[in-house]
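Residue numbers (this note's numbering), protein chains in the order written: chain A, 1 to 311; chain B, 1 to 321; chain C, 1 to 279.
Honestly, the hints are just simulated from the structure, not real lab data. Since the model is a prediction, treat every value here as computed from it, not as a measurement. Just so it is clear, CB atoms sit at the ideal spot from N, CA and C, and this is done for glycine as well. Accuracy of the hints is not assured; some may be wrong.
Covered, in the sense of this in silico footprint (three residues per stretch, anywhere, with C-beta under 8 Å from a C-beta of chain B), are these stretches of chain A [claimed, not checked]:
id: 1; region: 6-18
id: 2; region: 71-83
Distance ranges between label pairs, derived from CB positions [as the list claims (entries may be wrong)]:
id: 3; chain 1: B; residue 1: Arg166; chain 2: C; residue 2: Leu112; range: 36 to 44 Å
id: 4; chain 1: A; residue 1: Glu200; chain 2: B; residue 2: Asn290; range: 53 to 61 Å
id: 5; chain 1: A; residue 1: Ser154; chain 2: B; residue 2: Ala293; range: 23 to 31 Å
id: 6; chain 1: B; residue 1: Ser287; chain 2: A; residue 2: Asn102; range: 42 to 50 Å
id: 7; chain 1: A; residue 1: Gln285; chain 2: B; residue 2: Leu144; range: 32 to 40 Å
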Amino acid sequence: MGSLIEFVDLKVIFHMGGMQVVALRGVDLDLRRGEVLGVLGESGSGKTVLIHAAFRLLPENAKVSGKILYQGKDLLSMDRRRAMRLIGQNFSLIPQGFGALNPFLKSWLQISERPMEHFGVGKEEGHRRAEFLLGTMGINQPSRTANSYRHQLSGGMLQRVLVAMGASGPSQVVFLDEPTKGLDEGMKRLVVSLLKKARERSDAMMVVSHDLGFLEEVSDRICVMYCGDILEVSKVREFFVSPRHPYSSALLNSLPSRGLKPIEGEIPSMVSPPDGCRFSPRCRQRDARCANKRPPMKAVDDVMVRCFKYA
Amino acid sequence: MMRSDLSGHLTEVQPSPGRQTLIECREVKKRFRYATKGSFLAVDGVSLSIKRGELLAVIGESGSGKTTLAKIMAGLIQPTSGRVFFEGKPITSLDRRERLNFSRKVQYIPQYPDLALDPSWYIYDSIAEPLRIHRMSSSREEELKIVRSVSARFGLSLDQLRRKPRDVSGGELQRAVLARSMALNPEVLIADEPTSMLDPSTQARIVRLILDAQRELGFAVLFVTHDLQLARVISDSVCVMLGGKIIEFGSAQEIFSSPLHPYTSSLFSGSTFAGETKDNAACPFYSQCNLRAEICCNSTPPEFNIGRFRGVRCWNLGQPH
Amino acid sequence: MKSVYSPTKLETAGITAVFAVITMVAISFFPEGWFASTSSPMPYSPPSSTNLLGTNDIGDDVLRVLLMGSRVSLFIGFLGAIVSTVIGTLVGIFAGFMGGIVDEVLGSFTDLFLVVPALPLMIVMAAYLGQSFLNVVLVIGLLWWPTTARLVRARARQIRGSQFVEGLFGIGAGKLYVVIRHVLPNVWGVVLARFVLAVSSSILLEAGLSFIGLGDPQNPSWGMMLHFAMTRGALLHGAWWTFVPPGICISLTSLGFILLGMGMESRYRSRTRSIGEIG
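Modelling step: build the complete structure from the supplied sequences, incorporating the hints.
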């Protein structure tokens with residue numbers, strides 16, 4: 001399996017009125033062909049920044065270093081216009097929440113916007129495609145949905161429109177930003193089944209979420225982020241059976257089905273994060289090294305872990 | 001056969017007879033009228049009671065009317081028909097003092113913590129505010145003492161109390177909201193999906209705090225949620241809502257080990273999808289039900305009571321198979 | 001995180017202009033010999049070392065009249081703004097918070113005032129009420145509140161619908177309590193910005209009324225100076241020093257307040273945009 005996208009030592013620092021906020025602290029990650037990679041992180045972990053960086057959507061005050069390699073070309077150092085074309089033609093994003101839909105546009109226009117913009121698809125063809133896509137997603141009257149506005153559709157319909165937006169063009173990589181935030185169980189299952197359909201139409205997917213159960217169902221590999229750092233990358237089954245990093249196991253134990261044990265302490269403020277291992281102040285297995293030095297990424301039987309326990 | 005099994009099971013988990021009912025609603029309906037035209041029946045004839053010290057979970061998907069029901073029980077919305085009783089008296093006929101007493105003893109926690117406190121107030125003042133409204137502290141020092149102790153219970157430091165809502169995280173805010181309602185020493189806490197917008201570890205912390213406080217102070221909790229796993233772990237008894245009706249209720253143990261309504265079992269097995277179908281069948285689950293019969297479409301199933309605290313609204317259970 | 005107040009360029013310009021006017025008012029309280037000669041030489045004598053801005057038709061020092069006029073203009077500006085802001089805030093809060101029939105009645109009342117062209121109505125009212133200082137204030141105040149009322153109403157409605165207000169009723173708070181302790185502090189930003197903008201408008205309106213001769217001749221304002229220059233032949237004499245300075249003063253003052261108010265408004269918007277957007 002070759003990698004499709006490679007993040008190499010990606011650092012993102014936001015400058016906010018004299019303060020520096022390190023959103024990503026040197027991220028190394030690869031997205032492989034044919035896989036669904038789940039990026040697991042709580043609020044402030046930098047998981048959304050990762051997506052925004054890949055789409056070059058970061059605001060002006062962000063200082064970015066490192067590389068994002070797509071087919072061997074660095075998206076960050078490339079000329080902006082060329083990068084945007086490459087991104088537009090090969091990546092697609094399924095945004096978080098229905099707020100991402102323009103209330104003044106009919107849904108088919110939003111679904112087919114990307115093929116019309118980047119692949120020269122005409123209006124009629126775009127309309128036809130949108131209807132077809134909605135039809136494959138189990139909508140009984142796709143033409144009615146395609147011609148509706150946001151406020152005319154129910155939650156389940158909108159969810160389908162969102163996924164259709166991400167699956168409308170020939171895209172190699174589909175990114176999803178928190179697709180299940182605030183959704184109930186039935187809706188989550190709908191998203192899971194829609195993703196399985198969308199998966200057939202793309203080479204790889206990257207799903208960002210804090211919903212453990214959802215990621216367990218949809219992804220092949222899990223990457224755990226905390227405070228701008230990747231702490232663990234492992235196969236999904238491996239991860240849920242035997243998590244390596246103390247944060248991973250603590251997070252799993254906070255699930256209702258696994259005892260509902262909260263992690264001590266607070267998610268640290270991004271303005272003044274702890275030195276060394278970002279998780280160390282809350283970690284039960286910390287030792288003297290943890291507070292001072294950032295642990296290196298170590299491979300432990302196929303699993304990458306950033307913890308001194310394995311160093 | 002199934003039923004006799006169940007009733008045998010029931011005797012051990014039945015709530016103790018002396019348990020006093022705190023809030024009760026009878027045949028409550030709520031119809032929302034849209035500004036343009038048409039209306040929507042959010043809650044359709046629900047009767048429910050919260051007993052002292054219990055944790056009652058209301059499970060349902062979005063649109064099932066669970067939030068509306070919670071707000072009706074908290075006295076925040078007037079039902080279109082039906083009545084809500086507090087300690088045996090309908091809350092619409094409480095006099096000023098009793099009304100104040102009700103608003104002290106029944107606390108409501110909303111889903112989005114970021115909108116639950118006045119953005120222009122310091123968190124300290126927001127927590128102290130209920131005490132001031134109910135004149136529960138005679139002096140500033142006493143108020144500070146109460147606020148500090150209740151905040152400490154929920155892990156809030158003085159530094160956090162000196163901030164405004166936009167300067168703290170969602171989890172901290174939700175704890176502040178909890179502290180605020182706990183300052184009044186309530187008897188019922190109505191929590192409307194208090195953790196659905198929070199991260200998993202934060203959720204665990206908030207739920208633990210509620211459970212610990214409940215164990216210590218003995219108030220009753222109405223916990224509205226769509227998280228089945230969570231409901232299974234924390235609740236004593238469970239109501240399942242669909243289409244504005246309670247279609248099944250019973251003790252948590254029974255409901256989760258042997259659900260009777262086809263909707264409940266499909267919810268647990270994960271075979272339902274988001275409820276897209278809105279037809280006019282009498283049973284809200286009609287269009288997706290495997291066991292549907294003609295009667296399900298034509299007349300609303302009544303509540304079949306099995307044992308003393310178990311009820312199901314499904315024709316399949318009312319008729320011999 | 002506490003942010004230090006750092007004004008934008010436009011706000012700085014606004015603040016400078018406002019300070020300049022306040023300085024003028026302050027100087028006008030100094031003993032007269034301080035800033036102008038009290039001797040009255042020839043009418044319409046051009047600017048000189050004794051009369052820095054020349055004299056007017058009756059031989060008064062223009063600088064002196066200008067400084068005295070700053071008092072009147074600013075005073076009327078503030079008083080008119082206070083009256084209109086108070087009315088607008090009260091109407092807006094009640095309409096927005098009570099909702100229902102109260103909202104509808106107050107809303108259509110507001111709309112009525114909004115569609116009636118203000119200046120002609122003011123002229124009629126001012127002519128009817130007679131030329132006095134208080135009447136000018138009253139006319140401005142009574143006619144300038146609807147925009148404030150609309151903005152405050154929108155904000156109050158938003159607050160009324162937000163969860164924390166629902167929660168407040170839940171813990172037993174009364175309506176009046178919620179209005180005073182929670183709605184007012186949250187509309188305060190809008191009100192303050194509208195107030196500053198209203199100062200500017202009432203200075204302009206007063207100038208307009210005075211210019212067409214409906215001001216108070218006992219307390220000549222900048223608008224009155226223009227009026228006298230117009231009616232008593234300063235234009236024919238080519239005595240530009242009698243009408244250019246008050247014109248500049250009126251423009252700069254109202255511009256200063258407008259810039260300040262707009263700055264405050266956008267600052268406030270950007271700070272509170274997130275409320276009400278969720279849910």
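How the hints compare with the structure:
1. 6-18: violated (count 0)
2. 71-83: Coverage by chain B is violated here, the residue count being 0 at a Cβ distance below 8 Å.
3. Arg166(B) / Leu112(C): 36 to 44 Å: holds, 39 Å
4. Glu200(A) / Asn290(B): 53 to 61 Å: Since glutamate 200(A) and asparagine 290(B) have Cβ atoms about 29 Å apart, the given range 53 to 61 Å is violated.
5. Ser154(A) / Ala293(B): 23 to 31 Å: Roughly 27 Å apart at Cβ, these two residues keep to the hinted range, so it holds.
6. Ser287(B) / Asn102(A): 42 to 50 Å: violated, 32 Å
7. Gln285(A) / Leu144(B): 32 to 40 Å: holds, 39 Å
When held up to the earlier numbered hints, the structure conflicts with 1, 2, 4, 6 and fits the remainder.
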